[in-house]
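> If you read the protein sequences in the order shown, they are chains A and B.
Quick note: the first sequence uses my numbering, first residue 76, plus one each step.
Quick note: the second sequence uses my numbering, first residue 76, plus one each step.
Don't take each hint at face value.
Because identical chains share one entry, a pair is satisfied inside a single copy or across any pair of copies.
Cross-link-like lysine to any residue pairs, in silico, SDA-like; alpha carbons within 25 angstroms at most [to be verified]:
1. 77 x 252
2. 155 x 136
3. 183 x 282
4. 192 x 173
5. 272 x 313
6. 272 x 338
7. 183 x 99
8. 183 x 162
Source of the hints: derived by calculation from the structure; they are not laboratory data.
There are 2 protein chains.
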Amino acid sequence: MKRTVFFVSESTGITAETLGHSLLSQFDSVDFTQVYMPYINTAARAHALCERMQEAADRDRARPILFTTMLNQEIADILKGGHCFYQELFEVFVEPLSAELGVPPSRKAGLSHAITKPGMYTKRIDAINFAMANDDGVRPDNFVHADVVLVGVSRSGKTPTCLYLSMHFGLRAANYPITEEDFARGELPREVWQARKKMFGLTIDPQRLKMIREERRPGSEYASLIRCQHDIREAHNMFKRLEVPVLNTTNQSIEEISAQILRGVKTPLNT
Amino acid sequence: MKRTVFFVSESTGITAETLGHSLLSQFDSVDFTQVYMPYINTAARAHALCERMQEAADRDRARPILFTTMLNQEIADILKGGHCFYQELFEVFVEPLSAELGVPPSRKAGLSHAITKPGMYTKRIDAINFAMANDDGVRPDNFVHADVVLVGVSRSGKTPTCLYLSMHFGLRAANYPITEEDFARGELPREVWQARKKMFGLTIDPQRLKMIREERRPGSEYASLIRCQHDIREAHNMFKRLEVPVLNTTNQSIEEISAQILRGVKTPLNT
Numbered sequence: 076m077k078r079t080v081f082f083v084s085e086s087t088g089i090t091a092e093t094l095g096h097s098l099l100s101q102f103d104s105v106d107f108t109q110v111y112m113p114y115i116n117t118a119a120r121a122h123a124l125c126e127r128m129q130e131a132a133d134r135d136r137a138r139p140i141l142f143t144t145m146l147n148q149e150i151a152d153i154l155k156g157g158h159c160f161y162q163e164l165f166e167v168f169v170e171p172l173s174a175e176l177g178v179p180p181s182r183k184a185g186l187s188h189a190i191t192k193p194g195m196y197t198k199r200i201d202a203i204n205f206a207m208a209n210d211d212g213v214r215p216d217n218f219v220h221a222d223v224v225l226v227g228v229s230r231s232g233k234t235p236t237c238l239y240l241s242m243h244f245g246l247r248a249a250n251y252p253i254t255e256e257d258f259a260r261g262e263l264p265r266e267v268w269q270a271r272k273k274m275f276g277l278t279i280d281p282q283r284l285k286m287i288r289e290e291r292r293p294g295s296e297y298a299s300l301i302r303c304q305h306d307i308r309e310a311h312n313m314f315k316r317l318e319v320p321v322l323n324t325t326n327q328s329i330e331e332i333s334a335q336i337l338r339g340v341k342t343p344l345n346t
Numbered sequence: 076m077k078r079t080v081f082f083v084s085e086s087t088g089i090t091a092e093t094l095g096h097s098l099l100s101q102f103d104s105v106d107f108t109q110v111y112m113p114y115i116n117t118a119a120r121a122h123a124l125c126e127r128m129q130e131a132a133d134r135d136r137a138r139p140i141l142f143t144t145m146l147n148q149e150i151a152d153i154l155k156g157g158h159c160f161y162q163e164l165f166e167v168f169v170e171p172l173s174a175e176l177g178v179p180p181s182r183k184a185g186l187s188h189a190i191t192k193p194g195m196y197t198k199r200i201d202a203i204n205f206a207m208a209n210d211d212g213v214r215p216d217n218f219v220h221a222d223v224v225l226v227g228v229s230r231s232g233k234t235p236t237c238l239y240l241s242m243h244f245g246l247r248a249a250n251y252p253i254t255e256e257d258f259a260r261g262e263l264p265r266e267v268w269q270a271r272k273k274m275f276g277l278t279i280d281p282q283r284l285k286m287i288r289e290e291r292r293p294g295s296e297y298a299s300l301i302r303c304q305h306d307i308r309e310a311h312n313m314f315k316r317l318e319v320p321v322l323n324t325t326n327q328s329i330e331e332i333s334a335q336i337l338r339g340v341k342t343p344l345n346t
């Protein structure tokens, strides 16, 4: 069964997309075509979207689903008049919350992802720049300024996780790739070791690591299963000595890994 | 007025945090303390959270607000029994959606940000790696493989926007910093120019640019207002010749800029 879904907003549409996407994940037997429609902020754009909804309805032989966080009543009325299953995701919570807080809502649109707190926004952008400048262990002398330091072997997922932590939570996240040299010495460089209180080890299943490395350097010793198994085993020994929490990226997304890091979950090391 | 807000989930909590944060933005007269609580997936953790809620209530002299997307009924009941204004953000939409689709919900938790579609997830991670490898114009020969190329002067917001586009939408986003050399020649390198159909120009208010550059190199000619004004003016001339859409990052967040890029909004060039 095919159904088209529109995520609609007068601004970025991120809230509608996030909650709408969560809701769809509860119905995995349906084949959803997802269409992201931010900045539906004029009557003309709303009418054009109604035409697209009709096309989708004809194609799917079922009306499309429209998830929206629309505060503009005129545009909301146009969209409701279109051929769709209209789900407003925001309005239903505003009145109860207003009653609880004892203050009226501002009714201003687009505040959620705008720069309403410049200090907070600057902190996030600075954190992104920090993550970029401190990727791949290039500046261990900067680790003293980091909030979090991820360690793990090459291709264990350090870089995307650091970027996510910085972008979403404004954390200054650095990472250090453990290399053959570190294994041989049995320890990390002093500046890296000194950051162990804010350190998380990333591990990954050797078979999965082999697949990822094969894409990067096909047929290389670096991508061989024996080398991957060796690297992961040595990394585990290092994590044990450092006494750092270990997270496994094999089946977990960067969102899941990041949420665990934020909680400071101490996952027991699986050896 | 102070109020504490908990974003609670049995998995990442991203949905609760996103919608909850949107709702709070409607009440800017209230001073919210926001606490992110992912992985509340045991009765013990739920009880510990109830204690934290009571502490917040005592401190604020008002019960905390709890935004959640909790599918586990046992844990939901524990939290509802705590001293809080409990707002379930998910459940209310599941039944109407199920009726519309004619299929029951899976009731499985944590699907929204898990790796349920490995192909899609790999595409995102590849896009992040592409953005990292193609930052700051280091490989214009790769622009042919990009979905989007951002151009603009140094510190106009290209890097964070590329990372956001790659992380959230799986777009292969590259960027090129326009330099004095390009201005002098009056054109961009051939490989950059060839990407103009998928190009967006980023501009920024010269005063704001000066502030950002001052943080990087205080007192430098690079950060002077005259230099910033010159760079922005020359960049505008370049954007005109290229006939690319221009977006202004002065007062817009990376989320807002990215949403406009996704829409392919053709903003008229403001000169």
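> Each hint should be assessed against the structure and marked as holding or not.
To see whether the hints hold, each was checked on the structure:
no.: 1; hint: 77 x 252; result: neither (44 angstroms within a copy, 43 angstroms between copies)
no.: 2; hint: 155 x 136; result: within (19 angstroms within a copy, 42 angstroms between copies)
no.: 3; hint: 183 x 282; result: neither (51 angstroms within a copy, 27 angstroms between copies)
no.: 4; hint: 192 x 173; result: within (21 angstroms within a copy, 38 angstroms between copies)
no.: 5; hint: 272 x 313; result: within (14 angstroms within a copy, 49 angstroms between copies)
no.: 6; hint: 272 x 338; result: within (15 angstroms within a copy, 44 angstroms between copies)
no.: 7; hint: 183 x 99; result: between (28 angstroms within a copy, 12 angstroms between copies)
no.: 8; hint: 183 x 162; result: both (20 angstroms within a copy, 22 angstroms between copies)
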